[in-house]
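A.B. asks: Can you make the complete structure from the sequences, with help from the hints?
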Amino acid sequence: MKHVIVGAGPAGVVAAETLRKGDANAEIQIIGDEPEPPYSRMAIPYLLNGAIAEDGTYLRKTAGHYDDLKIGYSQGRVEAVAAGDNSLTLAGGDKVAYDRLLLATGARAVQLPVPGMDLAGVHNCWTLADAREIAKLAKKDSNVVLIGAGFIGCIILASLLKLAGNLSVVEMEERMVSRMMDGTAAGMLKRWCESKNVEVLTSSRVKAIEAASEGAGDKSVVLEDGRKLNAHLVVLAVGVAPNMDFLDGSGVATDDGILVDEHLATNVENIYAAGDVAQGPDFSTGGHMVHAIQPTAVEHGRIAALNMLGHNPLYKGSLIMNVLATAGLVSSSFGKWDGVKGGDSGAQTDEDNYKYLRLQFDGDRLIGALAIGMTEHVGVMRGLITNRTPLGAWKDRLLANPNRVMEAYVANSQL
Amino acid sequence: MLKSLQINPEKCTGCLQCELACSYENEGLFNPAKSRIKVFNFHDQGRMVPYTCTQCDDAWCMSACPVDAISVDAETGAKVVSDAACVGCKVCTIACPFGTVNYNAASGKVIKCDLCGGDPKCASACPTEAIAYVDANWTGLDKMRGWAEKTDSGAQAEA
Ligand SMILES: Cc1cc2nc3c(=O)[nH]c(=O)nc-3n(C[C@H](O)[C@H](O)[C@H](O)COP(=O)(O)OP(=O)(O)OC[C@H]3O[C@@H](n4cnc5c(N)ncnc54)[C@H](O)[C@@H]3O)c2cc1C
Ligand code: SF4
Numbered sequence: 001m002k003h004v005i006v007g008a009g010p011a012g013v014v015a016a017e018t019l020r021k022g023d024a025n026a027e028i029q030i031i032g033d034e035p036e037p038p039y040s041r042m043a044i045p046y047l048l049n050g051a052i053a054e055d056g057t058y059l060r061k062t063a064g065h066y067d068d069l070k071i072g073y074s075q076g077r078v079e080a081v082a083a084g085d086n087s088l089t090l091a092g093g094d095k096v097a098y099d100r101l102l103l104a105t106g107a108r109a110v111q112l113p114v115p116g117m118d119l120a121g122v123h124n125c126w127t128l129a130d131a132r133e134i135a136k137l138a139k140k141d142s143n144v145v146l147i148g149a150g151f152i153g154c155i156i157l158a159s160l161l162k163l164a165g166n167l168s169v170v171e172m173e174e175r176m177v178s179r180m181m182d183g184t185a186a187g188m189l190k191r192w193c194e195s196k197n198v199e200v201l202t203s204s205r206v207k208a209i210e211a212a213s214e215g216a217g218d219k220s221v222v223l224e225d226g227r228k229l230n231a232h233l234v235v236l237a238v239g240v241a242p243n244m245d246f247l248d249g250s251g252v253a254t255d256d257g258i259l260v261d262e263h264l265a266t267n268v269e270n271i272y273a274a275g276d277v278a279q280g281p282d283f284s285t286g287g288h289m290v291h292a293i294q295p296t297a298v299e300h301g302r303i304a305a306l307n308m309l310g311h312n313p314l315y316k317g318s319l320i321m322n323v324l325a326t327a328g329l330v331s332s333s334f335g336k337w338d339g340v341k342g343g344d345s346g347a348q349t350d351e352d353n354y355k356y357l358r359l360q361f362d363g364d365r366l367i368g369a370l371a372i373g374m375t376e377h378v379g380v381m382r383g384l385i386t387n388r389t390p391l392g393a394w395k396d397r398l399l400a401n402p403n404r405v406m407e408a409y410v411a412n413s414q415l
Numbered sequence: 001m002l003k004s005l006q007i008n009p010e011k012c013t014g015c016l017q018c019e020l021a022c023s024y025e026n027e028g029l030f031n032p033a034k035s036r037i038k039v040f041n042f043h044d045q046g047r048m049v050p051y052t053c054t055q056c057d058d059a060w061c062m063s064a065c066p067v068d069a070i071s072v073d074a075e076t077g078a079k080v081v082s083d084a085a086c087v088g089c090k091v092c093t094i095a096c097p098f099g100t101v102n103y104n105a106a107s108g109k110v111i112k113c114d115l116c117g118g119d120p121k122c123a124s125a126c127p128t129e130a131i132a133y134v135d136a137n138w139t140g141l142d143k144m145r146g147w148a149e150k151t152d153s154g155a156q157a158e159a
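If you read the sequences in order, they're chains G and B.
So in my numbering, spot 299 of the first sequence is number 299, and the numbers just go up one at a time.
So in my numbering, spot 120 of the second sequence is number 120, and the numbers just go up one at a time.
Source of the hints: derived by calculation from the structure; they are not laboratory data.
Nothing here was measured: the structure is a model prediction, and the numbers come from that model.
Some clues are possibly wrong.
Lysine-lysine pairs mimicking BS3-like chemistry, simulated, CA-CA at most 30 Å apart [stated by the list, open to error]:
#1 G:K196 x B:K109
#2 B:K34 x B:K121
#3 G:K395 x B:K3
#4 G:K70 x G:K21
#5 B:K3 x G:K61
#6 B:K3 x G:K21
#7 B:K112 x G:K61
#8 B:K109 x G:K139
#9 B:K121 x B:K11
#10 G:K95 x G:K21
#11 B:K3 x G:K355
#12 B:K34 x G:K196
#13 G:K341 x G:K355
#14 G:K61 x B:K11
#15 G:K207 x G:K162
#16 B:K34 x B:K11
#17 G:K395 x B:K34
#18 G:K21 x B:K34
#19 G:K70 x G:K140
#20 G:K61 x G:K136
#21 G:K162 x B:K150
#22 B:K3 x G:K341
#23 G:K355 x B:K34
#24 G:K196 x G:K207
#25 G:K136 x B:K109
#26 G:K61 x G:K21
Only some residues are given here: those of chain B computed to face chain G with a beta carbon under 10 Å [to be verified]:
#27 P9
#28 L29
#29 A33
#30 V72
#31 E75
#32 T76
#33 C89
#34 A105
#35 G108
#36 K150
#37 S153
Calculated from the model, a selection of chain G residues having no Cβ within reach of chain B, i.e. all distances over 10 Å [stated by the list, open to error]:
#38 G93
#39 H288
#40 N401
For each residue, glycine too, the CB sits at the ideal point set by N, CA and C.
C.D. replies: The structure is reproduced here in structure tokens:
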């Protein structure tokens, strides 16, 4: 049996390891198009802020890890899939045959559809190659403009602030991290950033980036209202798109991502998909969704591999969840943090101390949560949500005081 | 035979010796707020429940970690955080469905129970044997396993 995995991110690597665990003899080959050993994008902010060196971003730290597991890892870019004869074509024309194929090609950072994207010093923050360019320009006292205050933007914000000192953030939505935070949480986050001397411009669209002749920095970010922000470095975090263009003509069905069923299988026999590129079952909605987060990528990788091994486990869908620290303020969100129709919601807000916890219920079950400034026992919200624990009398206690959520779990599981 | 922490809530008096011992062993100070084991007090039922990581087999914290910073101690079976490798991304804190991995802002790393390398100080400090370090197949662990099974997004995943 020959398993071929395209993409050497967390989804691909976890899949390869799971395949090996389940089959000592199968041939396992990972093909990835980045020049480094398999690494984690998530670690890039910590490379930028100096906490780790490049090798600290590597997914596996043991020397010889892939060789020891007899997992082949080769550099190459897959350009086409011919499902009819179970083969791939690489850039350069080489063909690779497979018995089972896993597509774990992730996503790429998108550009803005405005002039000036090609100016020197305008970068995404998605790959190690991007990180090296950013590190060159984000020097002490340089001006940095970050475009996009979504989840990824807010994570890299701290590193940019630490490196450069002068940071402006431009976000077209009316609030920061609009896809994981309500107005109260996002308001706190904005106030927090401003207290750290970060300029936060929400409801602001970028019209162009142009060369600047005056002021500090060789370019300026021009907003639709005419304001200009001078910059040495512009970092883009405005969204991602799945890497699936190479599937054109393959017959593999796609939508927002590669469509996969409850076995992580695509519509084409012997082809599976996992991670940021896959539009798979979503725990909260029962629909199909691209999550583009690390925990889902890892779960996909493992469960896709078990299916490729023929164990055929059913996948219940992952819970979308995030945790981030924005210039030191920790926030997290889980599932239906914005609630459901007819559901109840309880919150505790402490604006002065930047603390907020909102819990969302459907009947007496927790279905979503949003927290600012909470660092203890956070995971229990994931547990209560994914286990669909009936909270009974604890629901009213939690509506009155959401901070008792860990107690509610201990009471329901240990008493 | 691997050993594990056996918790007998009915024996707990709420004296918090375990929390003090844990924080002293791991953080060098007697401060229950820094303890990795926590005693929950259910006043209305008159019950106290010491609670910490049970080093579960699924180890969501370990598989979610993007940089291989959590590994299994071969001798104790504990899932141990390597401070050198941990970047403080906190993904493990949301992945653990038991809520037993916490972020420590002071160090910028996460902390969790590591069984003190095979000599758990909470167990030796407990005067009533509400916490004991015993062979790993005691039945109380089943509660955790049940919880773990429900959390798994591929419940029938392990062949
Ligand atoms: C700065 C940053 C911070 C982040 N922080 C968090 C966080 O805090 N929490 C969180 O949950 N997630 C975070 N993420 C997202 C997380 O990194 C991704 O969800 C995760 O990397 C997805 O893994 P993957 O294996 O699906 O894809 P990837 O890691 O993107 O790996 C896919 C690989 O496939 C390669 N590839 C693509 N096309 C081809 C082809 N045709 N041929 C060969 N190879 C190909 C790609 O180049 C890439 O190397 C962050 C991402 C970034 C950039
Ligand atoms: S906080 Fe540290 S141990 Fe936890 S997932 Fe991130 S790097 Fe791994």
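A.B. asks: Hint by hint, say whether it matches the structure.
C.D. replies: Against the structure, the hints come out as follows:
1. For a cut-off of 30 Å, the pair hint linking K196 (chain G) to K109 (chain B) stands: about 22 Å separates their Cα positions.
2. At most 30 Å may separate the alpha-carbon atoms for a hinted pair to count; K34 (chain B) and K121 (chain B) meet this at roughly 14 Å.
3. In summary, the hint linking K395 (chain G) to K3 (chain B) is not supported, as the alpha carbons are separated by about 36 Å, beyond the 30 Å threshold.
4. A hinted pair counts as satisfied when its Cα atoms are at most 30 Å apart, and K70 (chain G) with K21 (chain G) qualifies at roughly 11 Å.
5. For the hint pairing K3 (chain B) with K61 (chain G), the CA-to-CA distance comes to about 28 Å; that is within 30 Å, so the pair holds.
6. For a cut-off of 30 Å, the pair hint linking K3 (chain B) to K21 (chain G) stands: about 25 Å separates their Cα positions.
7. For a cut-off of 30 Å, the pair hint linking K112 (chain B) to K61 (chain G) stands: about 21 Å separates their Cα positions.
8. Taken as a hint, the K109 (chain B) and K139 (chain G) pair is honoured in the structure, with Cα atoms around 26 Å apart against an allowance of 30 Å.
9. Restraint check for K121 (chain B) and K11 (chain B): the C-alpha separation of about 17 Å stays at or below 30 Å, so the hint holds.
10. Distance check on the hinted pair: K95 (chain G) and K21 (chain G) sit about 27 Å apart at the alpha-carbon level, within 30 Å; holds.
11. A C-alpha spacing of about 39 Å is found between K3 (chain B) and K355 (chain G), which places the hinted pair above 30 Å, so the restraint is violated.
12. The straight-line distance between the Cα atoms of K34 (chain B) and K196 (chain G) is roughly 27 Å, inside the 30 Å bound, and the hint therefore holds.
13. Pair hint K341 (chain G) plus K355 (chain G) holds up; C-alpha atoms about 26 Å apart against a cutoff of 30 Å.
14. Note on K61 (chain G) and K11 (chain B): the hinted pairing is violated, with a Cα-Cα distance of about 43 Å set against a maximum of 30 Å.
15. Restraint check: the Cα-Cα separation between K207 (chain G) and K162 (chain G) comes to about 27 Å, which is no more than 30 Å; the hinted pair holds.
16. Straight-line distance between C-alpha atoms of K34 (chain B) and K11 (chain B) comes to about 23 Å, which keeps the hinted pair within the 30 Å bound.
17. A hinted pair counts as satisfied when its Cα atoms are at most 30 Å apart, and K395 (chain G) with K34 (chain B) qualifies at roughly 28 Å.
18. As the CA atoms of K21 (chain G) and K34 (chain B) are separated by approximately 37 Å, the hinted pair breaks the 30 Å bound.
19. As the CA atoms of K70 (chain G) and K140 (chain G) are separated by approximately 45 Å, the hinted pair breaks the 30 Å bound.
20. With a C-alpha separation of about 26 Å, the suggested pair K61 (chain G) and K136 (chain G) falls inside the 30 Å cut-off, and the hint holds.
21. Distance hint between K162 (chain G) and K150 (chain B) is unfulfilled; the C-alpha atoms sit about 41 Å from each other, more than 30 Å.
22. Our distance criterion of 30 Å between C-alpha atoms is broken by K3 (chain B) and K341 (chain G), whose separation comes to about 47 Å.
23. Distance hint between K355 (chain G) and K34 (chain B) is fulfilled; the C-alpha atoms sit about 19 Å from each other, no more than 30 Å.
24. Note on K196 (chain G) and K207 (chain G): the hinted pairing holds, with a Cα-Cα distance of about 27 Å set against a maximum of 30 Å.
25. Restraint check: the Cα-Cα separation between K136 (chain G) and K109 (chain B) comes to about 27 Å, which is no more than 30 Å; the hinted pair holds.
26. Only pairs whose Cα atoms come within 30 Å are accepted, and K61 (chain G) paired with K21 (chain G) is accepted, the gap being roughly 18 Å.
27. At about 6 Å, the closest approach between the beta carbon of P9 (chain B) and any beta carbon in chain G falls short of 10 Å, and the interface hint on this residue holds.
28. A hinted interface residue such as L29 (chain B) counts as satisfied when its beta carbon comes closer than 10 Å to some beta carbon of chain G; here the least separation is about 17 Å, so the hint is violated.
29. Against a cut-off of 10 Å between C-beta atoms, the interface hint on A33 (chain B) holds, since the closest Cβ of chain G lies about 9 Å away.
30. Proximity of V72 (chain B) to chain G is violated relative to the hint, the smallest CB-CB distance being about 13 Å (cut-off 10 Å).
31. Checking E75 (chain B) against chain G by beta carbon gives a least distance of about 18 Å; that is not within 10 Å, so the hint is violated.
32. The interface hint given for T76 (chain B) is violated, since its Cβ lies 20 Å from the closest Cβ of chain G, which is over the 10 Å cut-off.
33. Among the interface hints, the one on C89 (chain B) holds; its C-beta lies about 6 Å from the nearest C-beta in chain G, closer than the 10 Å criterion.
34. At its closest, the beta carbon of A105 (chain B) sits 6 Å from a beta carbon of chain G; the interface hint therefore holds under the 10 Å criterion.
35. Of the supplied interface hints, the one on G108 (chain B) holds, with its beta-carbon coming within about 7 Å of a beta-carbon of chain G, less than 10 Å.
36. For K150 (chain B), the shortest C-beta to C-beta distance to chain G is roughly 4 Å, which falls under 10 Å, so the interface hint holds.
37. The criterion of a C-beta within 10 Å of any C-beta in chain G is met by S153 (chain B), whose closest approach is roughly 5 Å, and the hint holds.
38. At the 10 Å boundary, the C-beta of G93 (chain G) stays outside the reach of chain B, the nearest C-beta of that chain being 34 Å off.
39. With a least CB separation of 14 Å from chain B, H288 (chain G) remains clear of the 10 Å interface cut-off, as annotated.
40. Listed as outside the interface, N401 (chain G) is consistent with that label: its C-beta sits roughly 14 Å from the nearest C-beta of chain B, beyond the 10 Å cut-off.
Checked against the numbered hints given earlier, the structure breaks hints 3, 11, 14, 18, 19, 21, 22, 28, 30, 31 and 32 and satisfies all the rest.
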